[in-house]
Structures are given as C-alpha cells and as structure tokens.
Amino acid sequence: MGRLLAGMMGFVFSVSSLALDANPHSVDLSELALSGSWRALLHIPRGENERSYIDDPRFFLAKDGARNRSAELGATLAAFTQTPETTACRFPARYQWLKKQGLLPDKLLANCDDYQQWRKQIDIDRIVLVLAASYLNSPSSMYGHTFLRLDPAGARSESAFLSYALNFAASIPPGENGMLYAYRGILGGYPGLFSMQPYYEKIQEYSRLENRDMWEYPLDLNSAQIDTLLAHTWELRGINFDYYYFDENCSFRLLELLEVVLPDVDLTSRFVRAAMPVDTVRAVIDAGLVREPEYRASKRVELEMLLAGFNDAQRRIIKTLAKQSNSLDSPEFLQYSGAERQAMAMAAYRYLRYSDNREQRSSAGAARSLALLREVQRYGAIEWPRAESPAQPDRGHPTSLFAINVGSRNDRQYSTAEWRISYHDALDSAAGYPAGATLSMGRLEVRWQGDREAGDEQTQLQRFDPVAIRSLAPRNDFFSPLSWQIDAGLERLDDSPEQSLVSRISGGAGASVAVLGGIAYALPGLRLEYNGDAKQHLRLAPQMVLGQLWQGAELATELNFSYSDFGGDGERRHVSLSSNWAFSRENALRAVIDYRHQPWGESTGVELQWRHYF
Amino acid sequence: MKKILLASAVMAFSSASFAVAPGGPNCGWGNMLFAGQSGLPSHLVASITNGTSGNNTFGMTLGTNGCSADGTLTYGGKKMINVGAIMDEFSEDVARGDGEALTAVAVSLGISAEDRPVFKAAMHQHFDSLFPQGDVSADAVVASMFQIMKSDQRLAKYAA
Chain A
8 MGRLLAGMMG
18 FVFSVSSLAL
28 DANPHSVDLS
38 ELALSGSWRA
48 LLHIPRGENE
58 RSYIDDPRFF
68 LAKDGARNRS
78 AELGATLAAF
88 TQTPETTACR
98 FPARYQWLKK
108 QGLLPDKLLA
118 NCDDYQQWRK
128 QIDIDRIVLV
138 LAASYLNSPS
148 SMYGHTFLRL
158 DPAGARSESA
168 FLSYALNFAA
178 SIPPGENGML
188 YAYRGILGGY
198 PGLFSMQPYY
208 EKIQEYSRLE
218 NRDMWEYPLD
228 LNSAQIDTLL
238 AHTWELRGIN
248 FDYYYFDENC
258 SFRLLELLEV
268 VLPDVDLTSR
278 FVRAAMPVDT
288 VRAVIDAGLV
298 REPEYRASKR
308 VELEMLLAGF
318 NDAQRRIIKT
328 LAKQSNSLDS
338 PEFLQYSGAE
348 RQAMAMAAYR
358 YLRYSDNREQ
368 RSSAGAARSL
378 ALLREVQRYG
388 AIEWPRAESP
398 AQPDRGHPTS
408 LFAINVGSRN
418 DRQYSTAEWR
428 ISYHDALDSA
438 AGYPAGATLS
448 MGRLEVRWQG
458 DREAGDEQTQ
468 LQRFDPVAIR
478 SLAPRNDFFS
488 PLSWQIDAGL
498 ERLDDSPEQS
508 LVSRISGGAG
518 ASVAVLGGIA
528 YALPGLRLEY
538 NGDAKQHLRL
548 APQMVLGQLW
558 QGAELATELN
568 FSYSDFGGDG
578 ERRHVSLSSN
588 WAFSRENALR
598 AVIDYRHQPW
608 GESTGVELQW
618 RHYF
Chain B
2 MKKILLASAV
12 MAFSSASFAV
22 APGGPNCGWG
32 NMLFAGQSGL
42 PSHLVASITN
52 GTSGNNTFGM
62 TLGTNGCSAD
72 GTLTYGGKKM
82 INVGAIMDEF
92 SEDVARGDGE
102 ALTAVAVSLG
112 ISAEDRPVFK
122 AAMHQHFDSL
132 FPQGDVSADA
142 VVASMFQIMK
152 SDQRLAKYAA
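Respectively, the protein sequence lines represent chains A and B.
Residues 8 to 621 in the working numbering are what the first sequence lists, from first letter to last.
Residues 2 to 161 in the working numbering are what the second sequence lists, from first letter to last.
Okay, chain A solo, but in the shape it has when bound (with noise of 0.2 Å):
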C-alpha cells in the first residue's frame, strides 16, 4: 500500500520534487509512461489497454503494474527515491533507461555483486539468433525453435563451445505425467522462463541428439544494444510468462527481448496469434538485424556426407568395422591405403556413435569407439570436410498459402478458393524445407461450379483439413526410418452423385527409397470415414498409397496411386500426376491430372493452381 501511495505521489508531483533530484527541469512523466521503450521494457503489447506478457507479480511494483504504465513508472521511481541500488541490481535495465531520461543519477549499479560478477564472467560481445530447424523425418518440429547464443568477447569467442545460450521455454515441474506435459505444453498451463547454459548442450541436443541442423544468424546490435539485452535479461530472471506453443512461445518471447532494444521496431505486432520460429527470423532479418548465418549441419548430415564418399564395397567395410572391433584387422580393410582406411575408421565412428546415441552406454560399444578413434589418430592429423549448406531457412517460401485452382471433372468445370495456414508440402519449392517433408496445417477449400443460366450455381465447401503431415525419408543400407502419413478433415467426394462431404482420418506407415532421382514410396494404411449417404455410414476402409516424388527448388513432380476398400461399400482406386512450377519465391503454378475409378463410376479430372505465398 506504502508502495502504491508512494507511486502515485511520484507520479503526481514533478521530478525534481523526488529526492534524487537528478533532473533540474521537470520531465513529462505521463508521456515517459507512454514511450516504446517503457511499453517494451514492461512487456506490454502494443495499442490500447494491454495487458503485459508477463504474468508474474515479481516484475511489478505497482499493484496494477501490468496494465498500467504511468503506475509502474510511478512506483518504479518511487523505489529509486527509497532504495536507489537495490532498485538499480533489481532492474538494471530500466535504471538504465531512466537514467538516460536524466531522471536517475549515474553509478547506482556499481555495487551489484551478483549482477556484476555475472556480467564480467560472460563478458558478451556478441549476440547471435539461433534457428534450429526440424527434425530429421518429423515434419511437425518443421517449424523449428529459435534461442540466442551470446558469445563471449576476447580468445573466448574462436569456439562456440565457449559461448552461453540464452532460451525461453515452458517450465515442467518434476514429475510431471507425460500426455498432461503434451496437452498442457500446447494449449497453455505452464509458466515460461527465460534460462541460460552453455551453447555446447545445445549443440548436444540439436545437432547430435535431435540431428537437427541449426543456423547461426549473427545480430548486427552494437555494445550499447548490447548491455540493454543483457540488463533486461537480468531483470527477467526466474520471471514467469505464460508459455503457448503457437503465439507466446520461444521466438515470440525473443522478439520482445529484441524489441527491448529497439524499441521503435514493431518485431511483434505480426506474430500475435502464431509466432512460427522461422518466420520471426525473417522478421528480424527484415528489420535489418542480421548478418550472413552459418551453417552447423547436424550430425547425421555429416554422417551422410561422409558416407557419400565411398563406394559400395568401403560402405560394406564401414558397416563391419563399427560392429566388429576386430574387422580393424582384417584383409579386406587393410587393402585400402592409410588415407583411404582413416577416412573409412572415421566414418564407421560416426555411424557408430549415431547409432548408439539413443541407447544406453555399453562398455562394449565405447570400446568399439575409442579403437576406431585411435584408428583415426594414427594416420595423423585429419582435415574436417565440411557439409555443404543448402538453401537458408529463411530464403524458403513464405509459410500461409493463397490458391485460386480453376479444373474440370468430367467435363464439369468449377473453380476453388483455397487457403493454408502453414507450412508446406512436398511440391512447393523444396529450397529451405527439410526433403520428404509435408506439413499442412488448417488447409480449406471452397469451390464455385455451375451453371449461371442454367440456374444451378453452387458454392460449396469442398475440403477444409485442420491438420496433414506426410514424412517420406528414403531408407538405405545405413539408414532404415519409417516413412508415414496422417491427415484428418472434411472432404467433398465431388463426382460421387450426392456430392456426398464426408469426415475422415487416415494414416498409414511404410517406406520410401531413393530410386530415379527421385524418392519412391509406399505407405500401407488405414481410413476412417464417415459418410452419411453410404449403406455403411462409418466405414474403416484399409488402403494403400505408392508414389514417385521428384522435389527441387523450382520443379516437382509426384506419380500418387492409391486403393481403398470400403467394403460393401465398394472399392475406390485413385491416380495422379501433379507438376509444380515455383516461378518465384511467393508465386507457384501447379497442375493435377487424375483418374478415379470409383464405386459411382469412373471420372478425369484437370486441374490447374495458381500458388500464392504469404
């Protein structure tokens, strides 16, 4: 109560009425309360009557602090006048910021021990915006997760082993139950918190754990900038905010942190409802803030890139020598020459360690590795190739998709209004998406047909699918994953005579080669529909899907054949040849053939897309 009494009388009075008396002429407080700067240091969004992202009490001093500004400034110079150092360890960044108003005097920051000693033992001088990207055959971490890596000045900064990672993510309390962790992860429930570690556990968890790659986007701030970052950061420690997966999430919580330091920069405004990794980069990188990224590709890419390498008869070795010790000395080994057996020891020692990286340690695998180790050593010094980097994240299409589809169905023609949330399928421009990879999210279709004169218009809804995922990932002798489907949603059978709208889910798991230059797959599976013009309404229907995908940046072809059998309800087998032209990075021209064969009878249909990404 003091303490909001004491606000509002700061808030009231002048300036110079203040104890401090650090400012000879008076300063417009209710104007101060109003700057981006103050909006951005307490984490309120922009427009009228917001309420602050951060949900704890801890970060105000005044009781209404997280909607009311010109209060919290209130308050917060109110704290200055009684204990000026604590307030300035407390929040430094703010103490900075009012200090340059000339309304705090200088030096209240000398005796912060802990704030001190922290930021002289990480000594940052530069900040770098981390993407890592989705995981290996998992389109849905597609849309990736982004953090900052603060790398220290001075002979510190030649490795980034030695550099911190700064990260947001949802806080789960010890012994949380699993699905409950998923659910609540989701849709919200769990406090979100800002924490720092070393970056090498981040390089453990993405590129070797999780092999995915990650993209170093180095931010151009200067050391000014800088310092804000991290006296802001200071003052969010143990904060909590709320933590959603898809708006308030890890990147959004960054660009707020941006935002504190350039304030006058609207990074958020655009990510209120969905903040996807990927594209809050390109946000930053459309303000400016990026230099050129590095590439650290993970290590199954390096994996594969070593084994590309070799012919088949060394990758038949390199598979022996990481299960047998000792094939180390066998015959068909030691007909390769040193350079030639290094590079072999090399690669079984990562297939070695790639494999064994979700198993428990064994005495007997470490031993396997440490013998291919010492085989590496003993030719000498080697020279690390590196991965080739593909097409930047952010160079990829942009993620929400407009399309206006103009076809035929035997002979009837219509036209279709579609839209897709996010993100991506397997014929848009591969360049930046992960290969194989198909994840669409809030997919809707709307189809005009018909006949004007003749007085049969329709406009009708012709598919709306709130989620499908499609992951083709090619197996070899190396490598066998799973290659799988699901989709779910609302579909129009458009030549059946009803025009029946039926309700489905389907999924199936199989697997895909690399064959033709291209990726051949087959995906046994299940359907689930509903249909309420069938004899059956609901039918689970096994079905078979195979194809050809050829994918590329800018061309992509897929051969899709797939069987159903509905059972009483007849069989249904389904053809289709569809080429992607991306002309542009926003623009893409598509065109379908198919011919089903279907219980109701047999139909052609052509199809032709205009693409538009957004």
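Calculated directly from the structure, the hints in this document are not laboratory data.
Fair warning: this is a prediction, and the values are worked out from it, not measured in the lab.
Careful: at least some of the hints might be erroneous.
Subject to a maximum C-alpha distance of 30 Å in a straight line, what follows is the list of computed DSBU-like cross-link-like pairs (lysine-lysine) [said to hold, decoys possible]:
# : chain 1 : residue 1 : chain 2 : residue 2
1 : A       : LYS127    : A       : LYS107
2 : A       : LYS114    : A       : LYS127
3 : A       : LYS326    : A       : LYS306
4 : B       : LYS80     : A       : LYS127
5 : A       : LYS330    : A       : LYS306
6 : B       : LYS158    : A       : LYS114
Could you slot chain B onto chain A? The hints should help.
Chain B alone, transformed into the frame defined by chain A:
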C-alpha cells in the same frame, strides 16, 4: 541437462541414477563414449513443446544446478571448461587433431593463439595416454593433459 531431467521425471527415474559427471550431475548429456553420463531416449514431447525443467533458470551462471558457475570447472586449481560434459566431442577432436571442443579446451586453459597449434598437436600425438580405455574419467583425462603439457617446452608454462 534439462531434458535428462525431464526424461527422468517422465520416466520416473531419479536423476541420481545417472553417474555423476565432473561438472556435477545433469551437466551435459547424451550417450557418452566415455563413462560419465548416459542418455535417455524419451524426450520427444519435450522436443515438440520445447520444454525445460524448472530448476535451471540461470542455474549455470549462479551455480545452482550442479554445473559450475560459468560453465568452467576447476581442475587442480586451474579453471577450465567442463571437459566431462564435452568428452565425446573432445576425444574426437583429439583423434583428428582439431575442432571446436579442442579449441575450447585450449582457450579455457589460457593457451595463446601462437601456442594453440602446439597444444593441439601434442594432444593428438598423445591420444593413447589421454584415452587409455573407454572407462577413463574426465579427471584422469585432464590429469594426463597436464602431464603432457608439463613435459612440453612450450606448453609447460600453462600447466604450472
């Protein structure tokens, strides 16, 4: 670190069931070539929702989570990076003669830019004494490292 904690919470293991690494429990993670820590596979949900467990906020910098205050450890009175947490990367770098982990160890030992190639070459040549078997501890590796430095003219001053 955090995901080991999480995985252990989810799978109802206690984090005490992990061998203690030189940096303290829960420092670093993954299946290690050298004894120290072991990894657990179940962290999928954590990855999807980008979760962390509650106790590590600023833990590293304030020394509350078992890791040392600034990611460095003291070995025989000398501060350096937690070798136990990067043993896999470090051993591979030593075998091939260079790499980020080896550079990090050299820098954290205060070895000057001119002497770093000497340090790297010395470690590479003495791979077998650094890593005599798969169960070597980080402490033993660091002890051998100091031995190698002491017996090298240019490197002895850093081991003093």
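Going down the list of hints, with the structure as the test:
1. For a cut-off of 30 Å, the pair hint linking LYS127 (chain A) to LYS107 (chain A) stands: about 23 Å separates their Cα positions.
2. Taking the CA atoms of LYS114 (chain A) and LYS127 (chain A), the gap is near 16 Å; set against the 30 Å cutoff, the hint holds.
3. Between LYS326 (chain A) and LYS306 (chain A), the direct Cα distance comes to roughly 17 Å. Compliance with the 30 Å bound is thereby established for this hinted pair.
4. Distance restraint check for LYS80 (chain B) and LYS127 (chain A): the Cα-Cα separation of roughly 15 Å lies within the 30 Å cut-off, and the hinted pair is therefore satisfied.
5. Under the criterion of a C-alpha separation no larger than 30 Å, the hint pairing LYS330 (chain A) with LYS306 (chain A) is consistent with the structure, at around 19 Å.
6. Taking the CA atoms of LYS158 (chain B) and LYS114 (chain A), the gap is near 39 Å; set against the 30 Å cutoff, the hint is violated.
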